[in-house]
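Peer 1: Each chain, written out:
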Amino acid sequence: VSAPADDERARAFRQRLRQAIAQPNSAARVQALCVLAEDATGYLDAIQLDRALADSDPDAIGAVLERLRLAVLSSTTVDHLVPGIRVAGVRRGFYFDVFAGGFGQYRHELMQPSQQLRKFAPDVIVLSTSARPLVSALRLDASADDVESALRAEVVELRALWKTAREQFDAVVLQQTFFDVFEPVFGGFDRLAAAAPARLVGQLNDRLAQAAREDGVALLDVARASARDGLDAWFDPARWLQAKMEISPAAANRFGELVSRVVAAQRGRSRKCVVFDLDDTLWGGVVGDVGVERLVLGEGSAVGEAHLELQRYARRLKERGVILAVCSKNDPAIAEDAFSRHPEMALCRSDIACFVANWQDKAENLRCIAEALNIGLDSLVFVDDNPAERARVREALPMVAVPELPADPALYVRALASQGYFEAVAFTQDDAMRAASYAANVQRDALRAEATSMDQFLQGLDMEVQHGPIGAMQLERATQLINKTNQFNTTGRRYAADEVARLAADKGNVTLQFRLVDRLGDNGLVSVMILRPAAPGADHELEIDAWVMSCRVFGRQLEDEAMNIAAEEARARGAIAITARFVPTNRNGVIGHLFPGLGFRPSGAADATGVQRWRLALSAYEPRPTHIRRGNPRP
Amino acid sequence: MTEQDLLALFTRILRDVLMDDSIVLSMETRRPDVPNWDSFAYVNFIVVAESELGIRFNLAEVESFETVGDIVASAAARLR
Chain A
10 VSAPADDERA RAFRQRLRQA IAQPNSAARV QALCVLAEDA TGYLDAIQLD RALADSDPDA
70 IGAVLERLRL AVLSSTTVDH LVPGIRVAGV RRGFYFDVFA GGFGQYRHEL MQPSQQLRKF
130 APDVIVLSTS ARPLVSALRL DASADDVESA LRAEVVELRA LWKTAREQFD AVVLQQTFFD
190 VFEPVFGGFD RLAAAAPARL VGQLNDRLAQ AAREDGVALL DVARASARDG LDAWFDPARW
250 LQAKMEISPA AANRFGELVS RVVAAQRGRS RKCVVFDLDD TLWGGVVGDV GVERLVLGEG
310 SAVGEAHLEL QRYARRLKER GVILAVCSKN DPAIAEDAFS RHPEMALCRS DIACFVANWQ
370 DKAENLRCIA EALNIGLDSL VFVDDNPAER ARVREALPMV AVPELPADPA LYVRALASQG
430 YFEAVAFTQD DAMRAASYAA NVQRDALRAE ATSMDQFLQG LDMEVQHGPI GAMQLERATQ
490 LINKTNQFNT TGRRYAADEV ARLAADKGNV TLQFRLVDRL GDNGLVSVMI LRPAAPGADH
550 ELEIDAWVMS CRVFGRQLED EAMNIAAEEA RARGAIAITA RFVPTNRNGV IGHLFPGLGF
610 RPSGAADATG VQRWRLALSA YEPRPTHIRR GNPRP
Chain B
938 MTEQDLLALF TRILRDVLMD DSIVLSMETR RPDVPNWDSF AYVNFIVVAE SELGIRFNLA
998 EVESFETVGD IVASAAARLR
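So the protein sequences, as listed, match chains A and B.
For the working numbering, add 9 to where a residue sits in the first sequence, where the first one is 1.
For the working numbering, add 937 to where a residue sits in the second sequence, where the first one is 1.
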């Protein structure tokens, strides 16, 4: 029988849902429903909340959530997963219009798309496929060759489906990993027997991962999640037999959460920075009271090792590009002293891009940290052992993610990791450098404060741009930048990696990638521009199909120098003009005046959706003066 | 839990699943009597009822329940 506390929670949820639905104002209703998404943990909760959202004013939804069309194509029943997907999307700022494919129809739906799916025009296609057909096609005594060719055929077929999904629909593909629902046949020997189900699934997932990496497809790792939660949490034989649900309704919300995390990562909505408290979080004890020598940290004490584990995890996050910051109520000199003097510290002071130790309100400090790093408050995760500080930050800054830390530091890493804040769909050289680059940015800001003028500051930076076409070496980073950038993004167009490669290989186009280096370091590949003939065959005018730039380098004149370079390239092709369109989104207002600022003239008035076309005549173009010199492009 | 308690609980669950507070169930109610209680909503109803009561119906029962009374009787037997 379900626990009374659970019943209590479910009743409270239903009560709040009724109150939200009763709101006469449609914006207030949607707002209240969005808040409820955080607490919709049960299967029924998600069904009800989803229904309430579906019955809400679409304009009110569009005002607070980004709408995306998502098709779930599957070899099993997936209708029951839809509410969980949609509710999890709301938690990350999306409203998914969902097309749930028919049972077993995924192949047909992609290869011969119905009118309905064509009309739906998915932005994202989730392929939820089962290992059952492969497993049942192979006898246990199948030869190694037969197993090999069956595995290979399975992956070849999936790749063909991915390709179709992209070419037919221009959609981003999420491929579910294969889910091992099979009972042991031999036991431990299953892993050694060529055609045992467990081995087939394992092999298939390995090959799938490799193919996905090569093709730039994101994985929805149900295999990992089910291993983590236990098979019983994800698979229920009764539901499979009754309704062909391979993913149990009990796991529907977890599945939705995985989908939402990966989509968020693709759209640049993953969190960027984790802000740690110090005392009793990164180390045990209050350093101001006990002194550096007596901190509980490191080998020799289980509690000390637990804090060390959190530091090690933080360092791993930093290595993959998550920015680390500190926000502590402490004397700054004492706090910094612990970093430099304690022998067991896994983190060093230079790992921390922004270090704030004072006695001020932490919510205010978090604002300062976000400002110093030039990232949104909605990019922050705040980790603090003190429930009062957590409550204060949640109340003052609801957009900051604040994981609930358990009382026992043994579980700190798990509490932080389990939330999927930092989900990623790529890992590039630039990611590895990013944390250092943000730390350098804090130094740049200090220089700016010292400089008497903006001009003097920019000159003092000693900047160099290294540019070139998008080559194989830049493909992954360029694609990531295009798809993740929401602010400096002129058209909001998204491209898959193979599409970028195709555009770059086409001699009729001009693709440009820019790195910005200065005396404080290498900012990495921070801007990409794609120009295509404005009309087929008419290459005397080149149209900016996409132009994105990392917010890390805003205000450094890179947009001016990039346009100088684009103008040179366009002239070299014999073009007489560069055209552009600005497609307003709810996040790119920061570049609303980009094109007129660069000397473009409007071509007619903006259309009904606010899209404005621009034109720059190259005959009259004077290179814009900047403090950026040209450097040699990297290979 | 009496059979009347179970009837009240199942009424509430079906109202929640279908978001329709006008639903009234009796022991004689059959699925086609309730608007929108299709096979998908039926699976959802069974999933939620099993989870709230902490019981499992077996496959044959789920396929053969004809009236709400049948479901109540089976649940009552399992809870006894």
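Calculated directly from the structure, the hints in this document are not laboratory data.
Ideal Cβ placement from N, Cα and C applies to all residues, glycine included.
Take these hints with a grain of salt, some might be off.
Here are the computed distance ranges between Cβ atoms for each label pair [to be verified]:
1. A:R25 - B:T939: 14 to 22 Å
2. A:P478 - B:A978: 25 to 33 Å
3. A:L240 - B:S976: 52 to 60 Å
4. B:R1015 - A:E328: 52 to 60 Å
5. B:R1015 - A:R23: 19 to 27 Å
6. A:R321 - B:S976: 49 to 57 Å
7. B:A1010 - A:R401: 51 to 59 Å
8. B:T939 - A:R423: 21 to 29 Å
9. A:K128 - B:A978: 41 to 49 Å
10. B:S976 - A:K128: 25 to 33 Å
11. A:P193 - B:R1015: 25 to 33 Å
12. B:T939 - A:Q124: 30 to 38 Å
Peer 1: Indicate, hint by hint, whether the structure satisfies it.
Peer 2: Hints, verified against the model:
no., hint, in the structure
1, A:R25 - B:T939: 14 to 22 Å, "30 Å, violated"
2, A:P478 - B:A978: 25 to 33 Å, "56 Å, violated"
3, A:L240 - B:S976: 52 to 60 Å, "26 Å, violated"
4, B:R1015 - A:E328: 52 to 60 Å, "53 Å, holds"
5, B:R1015 - A:R23: 19 to 27 Å, "25 Å, holds"
6, A:R321 - B:S976: 49 to 57 Å, "51 Å, holds"
7, B:A1010 - A:R401: 51 to 59 Å, "54 Å, holds"
8, B:T939 - A:R423: 21 to 29 Å, "43 Å, violated"
9, A:K128 - B:A978: 41 to 49 Å, "26 Å, violated"
10, B:S976 - A:K128: 25 to 33 Å, "26 Å, holds"
11, A:P193 - B:R1015: 25 to 33 Å, "30 Å, holds"
12, B:T939 - A:Q124: 30 to 38 Å, "53 Å, violated"
When each numbered hint is compared with the structure, violations occur for hints 1, 2, 3, 8, 9, 12.
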